[in-house]
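Number of protein chains: 2
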Amino acid sequence: MKRTNYAGLIDESYLEQTVTLQGWVQKRRDLGGLIFVDLRDREGIVQLAFSAEFGQDALAVAEKMRTEYVIEIEGVVKSRAAGAVNDHLKSGKIEVQVKSAQILSEAKTTPFYIEDGINVSDELRLKYRYLDLRRPEMQKNLRIRSKITAATHEFLDNNGFIDIETPYLAKSTPEGARDYLVPSRVYPGAFYALPQSPQLFKQLLMGAGFDRYYQVARAFRDEDLRGDRQPEFTQLDVEMSFMSQAEIMDLVNHWVAAIMKKTVDFDLNIAEIPTLEWADAMARFGTDKPDLRFGMELQDLTALMADSEFGVFANAVQNGGQVKAIVVPGAASHFSRKDIDKMAQYIERFGAKGLAWLKITDEGITGPIAKFLTTKAADLLAQTGAQTGDLLLFAADQASVVAQTLDALRRMTAKEMKLIDESKWAFAWITNWPLFEYQPEEDRWISAHHPFTMPNEADLPLMATTEGAHKAHAQSYDLVLNGYELGSGSIRIHRMEIQEQMLSALGFTKQAAQDAFGFLLEGMEFGFPPMGGIALGLDRLAMLLAGRDNIREVIAFPKNSKGTEPMTEAPTTVAKAQLAELNLIAPAYSDIDAPNMAEE
Amino acid sequence: MKRTNYAGLIDESYLEQTVTLQGWVQKRRDLGGLIFVDLRDREGIVQLAFSAEFGQDALAVAEKMRTEYVIEIEGVVKSRAAGAVNDHLKSGKIEVQVKSAQILSEAKTTPFYIEDGINVSDELRLKYRYLDLRRPEMQKNLRIRSKITAATHEFLDNNGFIDIETPYLAKSTPEGARDYLVPSRVYPGAFYALPQSPQLFKQLLMGAGFDRYYQVARAFRDEDLRGDRQPEFTQLDVEMSFMSQAEIMDLVNHWVAAIMKKTVDFDLNIAEIPTLEWADAMARFGTDKPDLRFGMELQDLTALMADSEFGVFANAVQNGGQVKAIVVPGAASHFSRKDIDKMAQYIERFGAKGLAWLKITDEGITGPIAKFLTTKAADLLAQTGAQTGDLLLFAADQASVVAQTLDALRRMTAKEMKLIDESKWAFAWITNWPLFEYQPEEDRWISAHHPFTMPNEADLPLMATTEGAHKAHAQSYDLVLNGYELGSGSIRIHRMEIQEQMLSALGFTKQAAQDAFGFLLEGMEFGFPPMGGIALGLDRLAMLLAGRDNIREVIAFPKNSKGTEPMTEAPTTVAKAQLAELNLIAPAYSDIDAPNMAEE
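Order-wise, the sequence lines are chains A and B. With the first sequence counted from 1, adding 120 to any position gets you the working numbering. With the second sequence counted from 1, adding 120 to any position gets you the working numbering.
Hints listed in this document are in silico derivations from the structure and should not be mistaken for laboratory results. Bear in mind the structure is a predicted one, so any value in this text is a computation, not a measurement. The reader is advised that the hints may include incorrect statements.
It does not matter which identical chain is meant; a pair holds if it fits inside one copy or across any two.
The calculated lysine to aspartate or glutamate pairs, modelled on DMTMM-like cross-linking and capped at a C-alpha distance of 20 Å, are [said to hold, decoys possible]:
1) K381 <-> E274
2) K538 <-> E417
3) K210 <-> E257
4) K122 <-> E577
5) K381 <-> D277
6) K228 <-> E617
7) K630 <-> E689
8) K382 <-> E274
9) K147 <-> E163
10) K122 <-> D370
11) K260 <-> D277
12) K382 <-> D277
13) K496 <-> D427
14) K267 <-> D277
15) K122 <-> E192
16) K184 <-> E645
So here's chain A without its partners, still in its complex pose:
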């Protein structure tokens, strides 16, 4: 029988109509001679009523129905009795009196209920992902994701962008995260690499004159996993020729506005999206991805505290560091000494040595360090604007420690104090990034974005030397939403000599540069246009628009935190013949208890 309607969309406008429905039994109540079944499909739930009066055979079928059976029915839409109306359902005013019914599939008892807000382990949810995805909140999450891509295709297709696929079996290149490798069967000892992004290919497509490229592209990074990372993830990837940074940002704004409208029906006011220079963002928020849904900006007290009686402050300034603070409004009485101790412990990870704080009371500043700051109290209150009842949290250290510490405390305390307007969509552009950043762990300079980022025009003379290059700033622009980096964009280098300077400043010899990127360098000698682009992270965007805090909630079949997929148990051992064909010797997998791998 052909379905006439989705169950969840039937309402009183269908009264007296005969409908054919298919879906799952959400629940069943047998009142003896009268059976009610909640029928669920992807659009929601409708109540079915079975009785001898409505359909004798159908009643007999309903007696056999159990939760999660797949059924098909034909019936007539009728009003519910006044007392039986359910205002929480679109279909809550009606029921379908069933004339005929059929069971299409039976079902065992499911390992968890098919409903929102279940309290079961992620591992169980992933093992039975096809059941987990039946739950309305997961249906909604994946449909929001689908709407993002639909809006993206619609907007970009209508704005002259050409959807071009780039290879997934690509070349392993240095600079970046660890590659996933794919052994070649034909060339023993040779490997393809799964791409970490389509970056080089899209630049070559600009070199090929396509002018406007886009792709919803999978990317792969073999990194250590954490909550918002997956071995594979999806980029909404665009590239344009002959456009300035400002023109690209404007176009992306319109694209994002189209997404916001289609997914969450939000009218994004593009004119209100702020642009912060990177240095400004770092100074005011301690991070390059500030959450602008709330204030609590970092207050620079370095000058004020240079001669502080509190040695920690004075010493920090003397050592070339900073003293900064945030004001947590109304938090003086909220946080106990113990709470603050916990914060102090938390920020040790950033290198902070203790947490100085003050509470503002009617009596003035109080707390362990108050006695050292009596002479500064008036200036401190004036400069920070702290009011009675507020909590002041300080960081005094090198700039990077101060920034990380106060960024963390700002977000943590704002959340705890419910100072974040969860209904806001706070977009921001961060521009004028450093071209390089120093990596202390590896004691070397790496690209702040990637090695193909164009320096500022004014900084091009700096590129002649490695030391100069490390001081240059970049034509790059990141899009931030609610404290998350949504996307990272830049104008690209399109001239070989600048690209060579860039690679040289990264420590590449001429030969190493040729080996890794020779095809790109040569391409640039054949007339490459000025170009720029951006890639938005689809997983993160979907997570934010769905109001979730883990990207696994918006991916149909994600890997768990150990990189395995508990349903299929991938990765798995493979037949010896497969490895032999690849000329590979791999360790014996039998030493490892495969199913246990999947447990968290």
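With the hints as your guide, set chain B onto chain A.
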């Protein structure tokens, strides 16, 4: 400067307007004090005119311009002199008199001309793919491909389909082609596999209640390559719940019509798309993907020739084989004895032992075997409808040899005789396939489509035994266009017991079935809906709509026939440290001369 127009789109409607253009120098003619430059962008070409009168500085810049330089100009659109009009260009009636100009990038001499129809090796084109893609025909090919996906997204998004991504790091499963493997760093000896299709995942998504899924999905097969195969390829993949085969075919028809309209502006008449049963297609055309742009159907002469004096025919019938023929209209005088000998040699690959033929002349049938057929001549001409001037080509052998032979000869001779209407788009559905087919090379029965294909309802009782199952037919339906298989679809098995019977008939033990597909079998116990779908091959569809004969022409960065990518030279050797991290031992790659690998 912000571009105001694409060069190729300017025509006389822009007269006297000032335009800013960017693009590549297609060619340059210096007439001394007057320089003409053809400026090319992705939309086409416009003529620029430089002179002291129009712009003194611009003229000086134009003197430095060379082919493939990237330039930016501002100028005024003016009529060309009457004698200088070029009717082949949209912009052929106008030129842009340049006021100011700038060189954005210089270019070396390119290894081939940036123009259509170049005669250089595929290898050179792939090595400099970014130049090859500048050529208008390649621009057009990739834009047709982009229009197919745009039409697909638009149609499916508007018809309730949810775009859901499935993993590329998946599980290796038996039954199918060879997998590409991806070693796991975290689990030594374990491997992900790149998916050969999203088949199982999309079935699980139907089990999850999404009702309508689609994905533009990359798929991977490590097979030996040939003209229309690539290691990675793209499927337009859809799956639907609760729909019959007829309903699915109808929906796909509308989708394909939307694609045809958007890409080649063709109004596809859905009602005229024929549906052929598989057995009928095999009988009439000798193939399951008949080219219906022309007739020349296979004529079954088995009954007529059972008692033929020509021993080859009589023996074939006696041995349980067939005698069939095609009539090639007007070909009697076209093919020489030598041509026919070549055909005979060609069909040896199908097991054909010689090629019997007749020419129809005013004197009747002629040719080496004519003397054996004198008594049959009248019946033969009556049955085949052969006319004076026609050529009759025969095959007499087992059914599969006859089918392959006459399919090949039908296509070959029709092409040679120009009997194919190249303007036609001949779609057809092929239905009612066998569920299994016997694989003589491996001496075993394999799935004609894949192991998840639903048998015909009437054949379900056959599934109880292996022998019975091998006789069953399937609810499967392939879409054919101009003799190519565009897509392969089927209703899927949604009940565990049928799936177990299917795997058993393929030779899986219970344990092997559990190991490979346990998650799917278990899923089916939790209430899976009836479902079906199809995957259309994007590469092949784009190739056909672009009028090309190799899918490499519609892929931006394809692999060559040896599976390498000549531009980046992937696959390549990788750092030893990378292999060590993966716990892999691979053969020394240095034994192989890497650059040579890429040569054809």
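So, going through the hints one by one against the coordinates:
1. K381 <-> E274: Both ways: K381 and E274 sit 12 Å apart in one copy and 17 Å across, limit 20 Å.
2. K538 <-> E417: within (16 Å within a copy, 77 Å between copies)
3. K210 <-> E257: within (16 Å within a copy, 53 Å between copies)
4. K122 <-> E577: Classified as between: cross-chain Cα gap 18 Å, same-chain 64 Å, threshold 20 Å.
5. K381 <-> D277: So K381 and D277 pass the 20 Å test inside a copy (17 Å) and across (16 Å) alike.
6. K228 <-> E617: Classified as between; 14 Å across copies, 66 Å inside a copy.
7. K630 <-> E689: between (44 Å within a copy, 19 Å between copies)
8. K382 <-> E274: Both: 11 Å inside a chain and 14 Å across chains, each within 20 Å.
9. K147 <-> E163: within (16 Å within a copy, 59 Å between copies)
10. K122 <-> D370: between (47 Å within a copy, 13 Å between copies)
11. K260 <-> D277: between (25 Å within a copy, 16 Å between copies)
12. K382 <-> D277: both (16 Å within a copy, 12 Å between copies)
13. K496 <-> D427: within (10 Å within a copy, 119 Å between copies)
14. K267 <-> D277: both (15 Å within a copy, 8 Å between copies)
15. K122 <-> E192: within (10 Å within a copy, 59 Å between copies)
16. K184 <-> E645: For K184 and E645, only the inter-copy Cα distance (16 Å) is at most 20 Å; the intra-copy one is 74 Å.
The earlier numbered hints are all upheld by this structure, with none contradicted.
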